[in-house]
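**Student:** Below, each chain spelled out in residue letters.
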Amino acid sequence: MKKIKKDQINKTVKEIIASLSLEEKIKVLSGGFTQEEMFKYSTDMVDGKPQFHYNKIPYPTGKIAKYDFVPVEFVDGPRGAVCGTSTCFPVSMARGASFDPDLEERVGEAIGKEIRAQGGNYFGGVCINILRHPAVGRAQETYGEDMYHLGEMGAALVRGIQKHNVMACVKHFVCNNIENTRFKVNVELSERTLHEVYLPHFKRCVDEGAASFMGAYNKVRGDYCCESKLLLTDILREKWGFNGFVISDFLFGVYDAAKAINAGLDVEMPIQMHYVNNLAADLQEGLISEDVIDQSVSRLLKTALEFKAKPDPIVYNSELVCSQEHIELAREAAEKSMVLLKNEERILPLDSKKITKIALIGQLADVENIGDHGSSRVFPPKIVTPYEGLKDYLRSSNVLIETCFDNNKIDYARKVSRNADVVVIVAGCTHDDEGEYMPETTVGSEVLKSTGGDRRSIRLKEDEINLIKEVSKVNQKIILVSIGGSAFIYEDIIDDVQAILMAWYPGMEGGKAISRTLFGEINPSGKIPFTIPKKEEDLTYFNNEVDEIKYDYYHGYMLIEKEKKQPRYHFGYGLSYTEFKLDNLTTRVDDQTIDVSVDLENIGDREGAEVAQLYIGFENSKIDRPKKLLKAFTKINLKVGQKSTIHFSVPISELMYYNSDQGDFVLETECSRYSVLVGNSSNDQNLLKTEVNLRE
Amino acid sequence: MDKITVKSIFNYEYEVVKYFDGMPMKILFVGISSFKYHWHKEIEIIFVLKGSIGINIEEKRYELKKGDFIVINNFTAHAFESLAEDNMLMIVQFDPKICNGDGKKDIYFFNCNSAALERDKEVSINIFRKSMANLGREMTLKRGGYEHYIKSYFYSIIGLLIRQFSIKDNNKIKIDEFDIERIKNILSYIDKNYCQEISLDAAANFINMSPSRFSHMFKEKVGISFKRYLTLVRIERAKELLKTTNYTILRIANECGFNNESLLYRLFNAYVGITPNGYRKKSLSQVRKEVPSGYIFFDSNDILSAICQFIK
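As they're listed, the protein sequences go chains A and B.
Heads up: the first sequence begins at 4 in the numbering used here, then just goes up one per residue.
Heads up: the second sequence begins at 117 in the numbering used here, then just goes up one per residue.
FYI, nobody ran anything at the bench for these hints, they're computed from the structure.
All residues carry an ideal CB built from backbone N, CA and C; glycine is no exception.
Treat the hints with care, as some may be off.
From the derived model, a few chain B residues whose C-beta atoms are all more than 12 Å from chain A [claimed, not checked]:
# : residue
1 : D184
2 : D222
3 : A231
4 : L316
5 : N370
Heads up, incomplete: computed chain B residues facing chain A, CB under 10 Å, no partners named [said to hold, decoys possible]:
#  : residue
6  : A249
7  : N250
8  : L257
9  : N417
10 : L420
11 : S421
12 : A422
13 : C424
14 : I427
15 : K428
Each computed DSS-like pair below joins lysine-lysine, with the alpha-carbon atoms no more than 25 Å apart [to be verified]:
#  : chain 1 : residue 1 : chain 2 : residue 2
16 : A       : K69       : B       : K428
17 : B       : K300      : B       : K176
18 : A       : K43       : B       : K166
19 : A       : K30       : B       : K258
20 : B       : K428      : A       : K66
21 : B       : K258      : A       : K187
22 : B       : K182      : A       : K30
Looking at chain A on its own, in the form it has when it is part of the complex (with noise of 0.2 Å):
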């Protein structure tokens, strides 16, 4: 199809689906691959054996012949562009550590080009379902627990993806947080929790104009989300104004065609089923009227038209996928996620001139490790690492590293560590422990065994622990690498190690990053974007076996200060190596706006990040509220001595609560007093604290 102008779009719109039949037009609203053909163009050749790559080409919706116009071309994420062979980046939950949206924006745009590089123009990667509880088996593709964070990331996400013409795709919409039952489980919260605790950043990136939503699988008080009128017309259409499409999550999100399509849900993905199986059907019986099929057709076609429409700010070719450039950006954003969780003696950063002699212990330290098996995996030139990354950083000093790879040979590795200078142990997760949840499938003749779904413990495994332990009697200089995509309880060993550095999954150049933040060349910066507890009882309720839940209004850092419990890391932690001093809070109040500025100064020895939080405090609330709210952050880098003004503003809405009454977010009428607390992490105690009155 030719480029059109931006002004034609309406009229372009109207003449294609005039020159549509029922039957075509319903088509235009399915996937456009049989189920054959969906599986067929799925599978990698890997030493002469076939290999399930989900998305392996762009998935396309029903084209239309007429035009020669597909307007779907979809490719999943959110590590990166799922098809071919794509850069892989950190997933989502290192980079919502990374507090650095500038940063995403820039992952977004990368993943933006190898999309279209690769004939995509649909990214279904935008996941910002919020981390209710660490042990969701997705929660790696999602950026952490708190509701402003995760609708800043993902907005920086969408912007960047749209910048090069590709429609950005938001999802699991909505209450998406438990991974095992998702097909089927009925979640039930009130009015207010979802307003406040599940929706808040799906509609900041309505704000920030995403071209699309995905309905998720599961059921909202009691209907299926992607049949929902409840969620796809009064909230999402109604009440925020979106002006998009809606397309459905795979293969099983759509039960009934016409209680779907009614609902608002446009396009079911991501091949012909109970569309093309029953709305012409329905139609015969009164169910549906075409208008509503017009509709959605025309919200599909309007948004593509106007994508294709914009001007692209690059040429597209295939030099652009797993470009260097690519490459360096995936170990950027890998080493503005670290998070450096303790460091006793700062054993860290470590000096390869000082030291002789490194052990790395451990199952997961030579992996190729970057996430789940899921929707979400992206299949990359090459993986470095843990131990790849050490040993190319060491390569010119004269460090000897020794290994032991089998966390049950004790012994062994207790000899490997006896005389070392340091013990690094690489521990955590793979995708056998956590991530999308597959249940054993047949594929042809191709058995796929099932992998990923929740977590059975938040823990460390019985022989990571045992491992650690153990080695602790011969070495104390033992540094923690913890890889995987969510929260751990670290208690078990929290007094036998000296250092822990959360690496998360850390994408291809994982290895890389790794080394470079141990020895120094990196300071860490990277926060958790979830509270670490001491034990699990101090979490939200989960149960993934369960076919209805209730959500809680309180989750993460909300519960734990609310239960006035002290969790062992709190949310928005993370140490550097150096250090910062927070100065001279000021406030000042308008109709619109609080405007705080706060000094930052790096007092210690060596340049670094750190990201300052402004949390808002409602302990004079006459309601129940959470007892303070993240509601700005930034992250600012600063050389030894230098000192920064941070500038932040917050809309005065930010401060409002959902009124079930009402029906809206309204402000608190018998309270005017809020705090201002900013600091660098959400701990109470490293807060500066100002109040303002908005009577005054």
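Since the structure of chain A is already known, use the hints to place chain B on it.
**Tutor:** Same frame as chain A, now just chain B:
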């Protein structure tokens, strides 16, 4: 949603029909890939949604293609035979008593085979087909109120059968419960003993009848001769063993009650149209082919995808 295998549905014994919402009626969606000879006290409607199938009814053979349907009267022995392509069938079984409205006690026999009917039935056939498709669709989608829609489509099919497709057949005699018991007993006797030599005399003796009366009764009620029935049961068993074991042909012949190998070869060839070895090879490749591609959940979708063509 569950995959239903043919084996679990058709037994030699007649089935007790599970009731649907108080009605002695059930609807199945199955693909049939093997030959089973059976009969039951229900009337059965076979509707071909996909592929094709051969059906043998009382010595006659019909080939049904996509969109065809046939009504098999109660107590009529019939066998399915899959043709080259895979098939999907919608099968509706119901108690003939359902046909009696308003306290009547009529016995109905139907002649309804879309593949072999006169032209003047074209309108009725189209109505029938669409009602069947709607019935299947409601059963699969189970939307609110589906129970009522199912009853409505089902009864309109019954009405249509009586009004347009019923025949007077005085040769058919009412089968009483005593006969059913006797037939049931003799069939289960054959099922237990087919691996040995069963003579007509022994079988007649088993239910205290004279051989000639027994032979007559068997042919009349089951539709085929005792001897032919016994052979079919044995061939079925031979097919099972060929498919699932690596026994020699001689051993299979013995296990199935064929006295010798050559008899098995001859009868197998005559009934199945292929040698036992050929059958074994073919079924091996079929087993591989039968590995479902994709998710088992696709089943209800497959059904709807096949049905929707008949509703437009």
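**Student:** Does the structure break any of the earlier hints, and which numbers would those be?
**Tutor:** The structure conflicts with no hint, since it agrees with every one listed earlier.
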